[in-house]
Structure formats: structure tokens, C-alpha cells
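Heads up: the sequence lines are chains A and B, in that order. Numbered per full-length UniProt numbering, the first sequence spans residues 1 to 603. Numbered per full-length UniProt numbering, the second sequence spans residues 1 to 603.
Treat the hints with caution; some may be incorrect.
As the list claims (entries may be wrong) - Straight-line alpha carbon distances no greater than 30 Å define the calculated DSSO-like cross-link-like pairs of lysine-lysine that follow:
hint	chain 1	residue 1	chain 2	residue 2
1	A	K499	B	K333
2	B	K82	A	K425
3	A	K510	B	K82
4	A	K471	A	K425
5	B	K82	B	K149
6	B	K333	A	K182
It should be emphasised that the hints constitute simulated quantities derived from the structure, not laboratory data.
Below, each chain spelled out in residue letters.
2 protein chains.
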Amino acid sequence: MPVYNPPLRDMQFVLHELLNVSDEFKALPKHAETDVDTINAVLEEGGKFAAEVVFPINISGDTQGCTLNRDTHAVTAPDGFKDAYAQFVAGGWPSLSCDPEFGGQGLPFVVNQCFYEMLNSSNQAWTMYPGLSHGAYEALHAHGTPEQKALYLPKLTSGEWTGTMCLTEPHCGTDLGLLRTKAEPQADGTYRITGQKIFISAGEHDLAANIVHLVLARLPDAPPGSKGISLFLVPKFKVAADGSMGERNGIYCGGIEHKMGIHGNATCQMVLDEAVGTLVGQPNKGLAAMFVMMNAARLGVGNQSLGLTEVAYQNALAYAKDRVQMRSLTGVKAPGKPADPIIVHPDVRRMLMTAKAYAEGGRALACYCALLLDKEVNHPDEAVRAEAAELVALLTPIVKAFTTDNAWEATSACQQVFGGHGYIKEWGMEQFVRDARINMIYEGTNTIQSLDLLGRKVLGNQGASLQKFGKQIEKLVKAEMANEAMGEFIKPLADLGQKLTQLTGEVGMKAMSNADEVGAAAVDYLRVVGHLVLGYFWARSAQIALKKLAEAEEEAQRPDPFYQAKLQTARFYFTRLMPETSSLMRRIRAGSDVLMDTDAALA
Amino acid sequence: MPVYNPPLRDMQFVLHELLNVSDEFKALPKHAETDVDTINAVLEEGGKFAAEVVFPINISGDTQGCTLNRDTHAVTAPDGFKDAYAQFVAGGWPSLSCDPEFGGQGLPFVVNQCFYEMLNSSNQAWTMYPGLSHGAYEALHAHGTPEQKALYLPKLTSGEWTGTMCLTEPHCGTDLGLLRTKAEPQADGTYRITGQKIFISAGEHDLAANIVHLVLARLPDAPPGSKGISLFLVPKFKVAADGSMGERNGIYCGGIEHKMGIHGNATCQMVLDEAVGTLVGQPNKGLAAMFVMMNAARLGVGNQSLGLTEVAYQNALAYAKDRVQMRSLTGVKAPGKPADPIIVHPDVRRMLMTAKAYAEGGRALACYCALLLDKEVNHPDEAVRAEAAELVALLTPIVKAFTTDNAWEATSACQQVFGGHGYIKEWGMEQFVRDARINMIYEGTNTIQSLDLLGRKVLGNQGASLQKFGKQIEKLVKAEMANEAMGEFIKPLADLGQKLTQLTGEVGMKAMSNADEVGAAAVDYLRVVGHLVLGYFWARSAQIALKKLAEAEEEAQRPDPFYQAKLQTARFYFTRLMPETSSLMRRIRAGSDVLMDTDAALA
């Protein structure tokens, strides 16, 4: 059976040494009191909850899956899911980073980010039930009427009710402009909504008393395409003005999908049959309102894959130390055993280090983004808020696509460490791989993320946002260029930064005469930028580790193995993972013709 | 529901235009009469069998899986599997390339290779039942006594009985030297075999009347390690001297594994309790005898992944033409539709072309190897046989590891084309990915394949075998270097060949002082050689296509779209897939220290 230990030490490193979050919080009035001890205490308790309550029902949830009663339209989650959710609510966990005005604890997003990483490591399928609520909460918080907020936000905050995002229809996923669900205005100011939605995660279940669906639909007079979409709040049970739950609304689960993974989460076909809803935000501006949810959801998907990378790594490491098979090529390492533990083999280390470097680098990136969100929302200086928002917008597609692609590689590598046992369900490794696969698809496929990055976030403003992030790299490079010990990290980072600048210019020029150049370059381009960003965090991590190790040496203390580990992992990252960029850049420069002149091949 | 159309046209291209097999057969007395029409007719019928009988039970077999009756130890395969197997036997398909001396049809291996590709495309799990028999057949054919051959080969040939390979035990997979199963000699010349085996594919099932297990075990006086292993024939039902089946032997299925994929194939824990067996080959030489099976099996595993790549490609292509979503970045392409078919998007084409290039390139490589096997076994000239054997030995780990890694990438890319639908079972795409995953693990993990290639097949003879293959590349380069139209293929191929020569020398030098350099380089090295080999076949394919297109132009005929497609796919391969080698070579040159100096990181 798999194991999971919350990576508290590395989270503390990222939060307190790399990002110095409590110093940053001093500038944010709402979080000025959030100190190191508070954060550590919350994460320690949160880690216990994840490892002790949610993790033990991960494999059983996958094996059992969800069941739909076709007569009652009721969905039952796997055994233990409901009870774990009740404990989650009783512990106050749903409200961690919610607004105190609606009953939240008002902790920073970056703390919630770490908590959710641990939940995702423990059980991605279970974590999607509360996770989806956050999106609904954010959309209502940003765009709801005072009445909607008063009625729904306290219940979403406490976790008594959960939320969903109802976007996709059978004929449209990426292209929401095609959606057909209709909303008919009623005399009382409500709407009657009719249509069919698919792929609705946590669309129906038995964990919470009510489910708050946020539904995209068209008003009768709406213009065609994406400019005619409005957002509606459609509760499973109607809610009276006093907050009491009334009769069942006309929104039902018509079927649940049988999927590759995340079996414990109900992926529902939802039928709306004159369901009563209320408008959220302005008519025909639903897509913009929904994007509040989608951006949060995209960061959340990156976090799912970060969690899976970490837990897959921990299990592969444990197995590699335990399993004995063959002798080291350089001579016997465990003479008392019939063979050496497989961790002596270089390629086993390659697979393990790949997962470790992506997990720890991904954690730094994800926390950095969450801290930017805290600044975007709470910093008193508008200019700081705006810059934070700009960087979050730039980094969101990278967190989503780069982290999830890396998790696919890393979880598969960790599965490979187990040999044949990695293919067998009881070891848990193959589930991590299957669960990780959806993260590259939902909330905008990774292709869509890459078009968002290259087309909108980079070429859309002539690289201005990218240059802002680049300034941080330049600063680091200047500060450390004379430091010989940092050369192995700084040089490749600076080199990649220069190459990316040139590459971006080339692609931008080509795209001016042929828009397909953007589509042809985008996926590889996102990975190049991803490596630049991750390289920055790995160089910063190495910088801190070198400093700490030097301090220990000066004071004749034993070096802390944690910092030695950071340094070794940084070295691995720069020599074994970042070099992927040379091939990616060659592929990008191959241009779009070789892709588009394929009509005979794809006939 | 997925579709499958046997790729007969491309098989004919590979067999008759690229490899000219019927010309080659003229030098092989046994196959001198095997002409183009015979081959095409067999493959056409074989394709029908695969697509019409085996393909329709692929998804249902995955959903249902196998069941074990714990009282009787009987395993029942999914519905339809037994009937399809009966049709397979009735049609004479098991005997296609078997020795006529034992009832076989004596057709070349390369024909059987193409037939099995189609079976694997249709249903990998089902195909493993007859597929495993081939390994047992080969081992008995090579090492069996006249009595063993007379008793068992006709039944394996006809398919009345199936075979297995019983190698792995709970504590040893890669490291067979650790195995513990015991064989006690009896007065009558038989042996009583006791022990436990795991991961035995098709170890127990209801498709055939008897199962012929080939079991590795130790004699009482055997030396420790891999030099003390012997091979035994252990039938499920004992067989009398007259060929009649007797009582049940002491070999039972004790459990079946729940796996990520290939659910339709029973992966069995086999308990041997004083099972009666006979020795195959010499005492303590079992591993060598087993390698006959394992090499065939490794080529077979590559073929499984080739089949999955092809079928995943076909379905993704069909979906990409049918599904409309978003408009082309360069303007509306399907004005009569609400959106353009997604095949207009460059990244969708990238995913499709990746699968196509790996499928067609992999087919050329696999058929080339199968033809070499035909020469190795049947060529009258010993020198030709020896050279064929040497090239097969070199290419076997490449076919196994490169093809299966590529299939993992390709099937996942094809799944991605489907967006959210790719994650749903009913579309079939996620099953291709799950099934493909095992191929990187069994019959020697891909890490083991890479060590076999770099350590034994390349450095083990100072690159002599690799140079033999390189001579063919040199010949092509010389022949075409003045041909401008071939430049885009010949130059990168020649360039990679030179770089590989230099790289091999570097790695060899470093390995002399540190054996871990082999383990650190091997996996990436195998991919570099894989690209050189595939690049050769793509350049050859382009050469033929250019010639055919030029001929058509000379004769003012319409160009055959098949050759245009080949050319486009070759261009894609050289500009988008082969460039991976530049990163791989950078990683290899990073050396082993960065992997092995990770004790703190992997503590």
C-alpha cells in the first residue's frame, strides 16, 4: 500500500526561505499578523488531515467509483468519502482562505495552496469535491449580487454546500461560443434554464446538503457566439430568502462517466429542465465572470498534478530503497543482501530525481503564484496589485500546462521504478498516472493553455509581461554572476533567457504574416518558458542552499542535509531537465509549414 | 466506438517497395515461392480477421476482465474471447509461420509480423494468448528433445494448446539469478517442480484445452545465481506418450492481478506444487534457452506498441476531421459549419503526425527486423545468417524500448486530440494508453533494454554491430548526397550518424573508468540510436516516394497521394521528431556524477 508524508520541511523552505511570505504579508493589511508559526501550525494540522483522513480512501475510492441511482438521480460517492467530507467541514478546513465577512478564516491563498497540494497528493478525486466549490465561491464573491452573496457564500465557506462549474456541452468544450443551453426570463426576475451539460465534476453527490451550480446559458435575445453567454446560479435545492432549503430544482444528473481515472469523483451529465436560476453579473457577460473561476481552477489543476508528482515520488523512493535486484555496475553495494537495492542504479536515480525536481520546483512556482494572488487582492498599492495580476495572468497557463505535463512524465517514471509491480493496482502507482492524465485535458487543454500564453500573454503585449518576469531573472544573474559557486546555475539560466528573447522575437515576426505560426510553436514554446521560470526558482533555491551550507562551514557545524539535497536537485535540474529546451527550440524554428502541408498525410 | 482499418497499403509499401521481400525470399530456399500476391492475400484475410473478429471485443474485454474461480483455479476470459480464439484456430492462423514439419504453413516471419501488428491494433489483451504460445514454440523448437517436439509442437502450431513463459517470482523480475523455484529429479527422468511464479501472462484461461508452461527452476545441485537455472516443460494437463491428455498437473493459478490495462489477458500467480516437468535443453543452461523466447518476445512487445500507435492514430484522425470547435487562426475553413474541424489547428496536426510518423517508421523497422530473422534462420550462406543475427541482436532492444516509448507518447497525443472525450472509456482512447503502458515494462524494462544496447550490443564489441548498420546509412548518403531533393533528409541523417559515432566514443571512454556512465547514458543513448535507425527508414521511404512522384510527373500522371503523404510525413519526422536528439545528447554528456551524487537528495 502506498505511503504519504506531508512535505512540510520543503513547504517551509519555499514559504519562509525562498518567498519570505511573512515579510510580504506585512505589506498586506489583512494578513499582517499571519506569522511563520501560524502558517506552520496550520500546515502541520492540514497535513495530518490529508494523510490520515483522505489518503486512506484513495485506492478504495478508485476501485469502487461512484454510483448513480437512475430512478432518484442520486449519486453516491465511494465509501468513506462522505464521512471524510464531514470531518473536513467539522474541522473548518473549507473556510481557510475565505473572506471573514462570510465566515471565512481569512488566511492567505498561499497557505491554502499548500494545504490543497497535500489533499491532492492524498486523493485527487476526493479533493475535487471541495476544490470545485472554491471556483463557485470566487465567481459569486466577485460577481454575485448582495443577496446571492448573503444566501450562498456562508454555506460555500463553511462547506455545508458545494459548488460546480457547468460549462461544457456535448458539442462544445473548448469552444463555449457554441453553447445552446437556454435561459428564459420570468416575471419574478428569475430564469428558467433548459439544456444539457456534460463533464460536470462533482455535479451530483451525497457529500453535502445542497449543490450550487454556476451555469453558462443563453438569454433569448443573446447575440450568437461567446458574446451572448450569461452566467446563472442554479441551486440543486431552491433556497428561500431566509436561507432555508426548499423544493428540488430542475437540474438532475442524467448519467455519470466511466473514466480513465479520478473514479472517486462523479463526472456528471447534467440535465436542466426549466431549472430556476438567478443571473450572476451582467447579461451576456457570463464568460468574463466565469473566467474568475477558470483562472483559479487552472492554478488548481496545476496543484493537482503537483500533489500527484510528490506522492508518486515518495513511493518510488521508498520502493527503490527497499527492492533489491541486480548489483551495481560499479561493484557490490549491499554485500549482506542477495542483490543491491535498485537505488544504486543510475537510471533509477534519474527517474526519481526527475520527479523530485519537478515536485519541488513546481511547489516553488505554485506558491509564488498564490502569493501573487494574495498581493493582487490585498495589497494597498494599486500598482503592486496590477503588476501582481499581470504576472499571475502570465504564469497561470504555465502552472496549468507545464506542471501537468511534467506530472505525466514524473508519475510514469515513478511507476517505471516499480517494474511490473507498477502496473498492478494494489501498489497505487498506476492510479497516480491515470489520475494525472485528466489534468492535461480539463480546464482548457494544454494546447489551449499554450495558445493563451504565446498568443495573448506574450505576443499580445509584445512580451511586456514576460520581460517583467525576466527582470527578476536579470536581477538574480547580476547579483550572482561573480559568484563562482553559482555559475553552474546562473549561466544556463541567463543563456536560456537570452535565447528565449531571441526566439520570441522570431516567432512574433513570423506570426505577423502567418497566424498558424503561433499554433505551431505554442506547445513547445510554453515548455521553454516553463523551464526558464522553473530554472529561476531552482537557481534561487540553490542560492539559499549555498549560503546556508557556507554559514554552517564557517561555524564548523555539520551541514544540513536538506540544503545538500537542494543543491544536488538543482544540479540535476539544470543538467538533465532544462536541456530539453534545445530540442524544443529546434522544433519551434521548424515552423508551421511542415505541420500544415500535411493534407495528403492526413487525408 | 473506435474504428480500425488494417493498414494494408502501407504494409505493402514496406514489404514490397522498401524491403522488396519477395526478391529477398528468392535467396531463401524455404520461401523462394512466397510472392507478392500470396503475401498480400494472406494479409488481406488476416486484416479482416483482426478487424472483424478480434477488434469488436476489445473494449468489452477491458470492461469485463478475467475472473478466477478460487475453488477450481479456473480462469475465464472475457465474453467472446474463447469464440474468437476458436475461429483463429479454425482459420489456421496460429500456424502461419510455423515449421511445416510440425504442421505449420512455413510462411516468412515478416508476414506473421504484419498479421500480428493488426491483431495488436485490434486487441492487445486477446492477442497475448496466441502471442505467448509463439515464445514457447520457439524455445521448444530450438532446445526441445525429439520427444518433446513431437508431443508439443504440433499442438502449439495448430493452436489447440497455448504456451507460457514462467520466469518472474515475487522477489525477482529483472534479476532472475535470484529465483528459488526448485526442480527435484525423479527416477523416471522427470522432475518434480515446486515454487511460486508471478506475472504469468495467459498462465490460466479457458481458450485452449491445455497450456504448455515453460518454467525456470533450480536443480538441487545447481550453482547459485543465473548459472544455476534450468528450463522445464510443465503442461497443465499431463501428456501421455501417445499425445493423449492425462490428469491435471500440479500447476495452478493462485490469483490474477488487477492491472492498469490489458484487462482481457489473465496475469496469473502460478503455484507449482510438485508439478511434473521435463528438462528443456541442458541442465543449468535454462537462461540461455529462455533467451530464445525472450528475444522473440521483445520484438513482439515492440509490435504490440506499433499496433496501438496505428489504431490510436486512425481514431484520432477520424475524430479530428469530424469534431468542429473554434475557427482556424488563419481564417474560417468550413464556413457552412458552426466551427472548423479541429484538424485545421496546427497543434492537432502535430499530435496526429507524431503518431503517424512513429507508426509508419516503426512498421518499417519491425518488418526489417522480421526479414532479418527470416534470413538468420533460412539463408543458405552462413555469413549472411551470422550478419542477420548480429543486426537482429542490435535492433531488438531498440524495437522493444524505442517503439514502446514512442507509443506511450503517441497514444497519449491521440487521446489528447479527443479533449475530455479522450478520458472517457467508451471512446476507447484511454484504453490504448493504459494497454501501451505495460509494454515499457514487461519482457525487460526499457532501462534493461537500454543497458543491453549500450553495454552489450554497442560497447561490448567496440561498436562493430552499430557500424554494420551505419554502413547501410553511409551507402544511402553516398547514393543521394548529390540529389538536392533528398537533402532535407540525407543531411540530418548523416549529421546524426557522425554525432552518434563521436558520442559513442566519448561514452565508451568514460565508461572505462566508471561503469555507472553506461547506466547514466543508456536510456537517452537508446533513443538517439532509435532516431538514427528510424531516420534511415524515413529517408529510404522519402527516396522511394520522390522517385514515384517524379515518374508520375514525367508521365504526366496525377501524383499518387500515398507518396505525397510519405514525403510529408518524412518531413515532419526529420523536423519535429528527430530534433529530440540534440537534448538527449546534451543529457548524456552531463554524465553520471549528477545522478550518483544524490545521496542527500534521495535520503
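Worksheet item: Between A:K471 and A:K425, does the CA-CA distance stay at or below 30 Å?
Response: violated, 47 Å
Worksheet item: Given the proposed pairing of A:K510 with B:K82, does the C-alpha separation stay at or below 30 Å?
Response: Roughly 58 Å separates the two Cα atoms, so the pair is violated.
Discussion item. Next pair to validate is B:K82 with A:K425; report whether the Cα-Cα distance is within 30 Å.
Written reply: Holds. B:K82 to A:K425 sits at ~26 Å (cutoff 30 Å).
Fill in: Restraint check for B:K82 with B:K149, where alpha carbons must lie at most 30 Å apart
With a Cα-Cα distance of about 26 Å, the restraint between B:K82 and B:K149 holds, given a limit of 30 Å.
Discussion item. Does A:K182 sit within 30 Å of B:K333, going by the straight-line distance between their CA atoms?
Written reply: It holds: about 28 Å lies between the C-alpha atoms, which stays within 30 Å.
Worksheet item: Is it true that the CA of A:K499 sits at most 30 Å from the CA of B:K333?
Response: violated, 35 Å
The structure fails hints 1, 3 and 4 (numbered hints given earlier, in ascending order).
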